[in-house]
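Make a model of the complete structure from these sequences and hints.
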Amino acid sequence: MRNLILLFMTLFISSINLQAQSKEASLTAIQPYESFVFLEKDTVGMENRRLLTTINLKSTNYDVLLKKAEKEARRLGGNCLLITSHKAPNPWATRHRIKAKVFRIDNPESFEKEIPWHPSRPLKVCNFRGDRADNPLPSASTTAIDINIFSDPESGKTKAIIEARFKNEKSFFTPSAGSDDRLAIEQLVFDLTEVYARKLRKIIVEEVSSSDELIEIWQSKAGALLPEWYGKRNEFLEEVAENSDAQEQWREWVNGELDSLQAYNQTEFLLALR
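Going by mature numbering (1 follows the signal peptide of the UniProt record, and there is no 0), the letters in the sequence shown line up with residues -20 to -1, 1 to 254, in that order.
Be careful, since some hints might not be right.
What the hints assert, rightly or not - The calculated lysine to any residue pairs, modelled on SDA-like cross-linking and capped at a C-alpha distance of 25 Å, are:
{"no.": "1", "residue 1": "Lys179", "residue 2": "Asn115"}
{"no.": "2", "residue 1": "Lys51", "residue 2": "Asn245"}
{"no.": "3", "residue 1": "Lys150", "residue 2": "Arg213"}
As the list claims (entries may be wrong) - Taking CB as the label site, the calculated pair distances span:
{"no.": "4", "residue 1": "Ser191", "residue 2": "Thr8", "range": "40 to 50 Å"}
{"no.": "5", "residue 1": "Ser224", "residue 2": "Thr154", "range": "12 to 22 Å"}
{"no.": "6", "residue 1": "Ser200", "residue 2": "Gly236", "range": "19 to 29 Å"}
{"no.": "7", "residue 1": "Arg77", "residue 2": "Asn235", "range": "39 to 49 Å"}
{"no.": "8", "residue 1": "Pro99", "residue 2": "Gln199", "range": "23 to 33 Å"}
I should point out that these hints are in silico values taken from the structure, not numbers from a laboratory.
Even glycine gets a Cβ: it sits at the ideal position worked out from N, Cα and C.
In structure tokens, the structure reads:
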């Protein structure tokens, strides 16, 4: 049985404090579509790792803290963030406090748990690391739409992050004859997830102008996209299972939807709420 996930929004205040504690010769920045991993303990197999810097981070929200840390690490040329210390909020300190090392490693794909959708990052067979177990299907992917909406202290405005993501450890693939066609099908499943992520962004950008409207529209129009997304995904999988020629028709439809929603391809954006 194929899976999909919608992670609901949370509202919070967040601030970040990044402190570089060492200087290294500059490396080429890691692009948004290139592999990047978070580790919470030193891991065997991090080949030819190079320590770039150590950073301290503070935030009231852990997920957004990691997003900021990733951007800084990518800018420095790092593709791995090793968290060495995490102190959770308590009555005397209201923020998450993290110390982390930024590394450049040769094999970040080996440690990825999820992949954000990007047009320059197609799925590969090695990205599917889940256990097939007793599933009769030769392949299956789990995709998600991750959503965070929060008050951004840097701009003084409300910010949204809405991303389509592929879950490596919950997706499996058994190579065999016809693997290329099956990989193309799983890619279309991921692309379809991005279509609905863009539909969500469009609704929030175009129809929300106040905090009250944000809650109201989320509960009505945005929430209604979940069954639509699920139904469209099932429709696609059923049609290509019965008729392989349908795959090309679906590819054209998905690409057309992505093109028509190109104005909403940015995963992070500000909301002008009154």
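Open item on the list: Check the structure against each numbered hint from earlier and tell me which ones fail, lowest number first.
Closed with: Violated hint (a single one): 1; every other hint is consistent with the structure.
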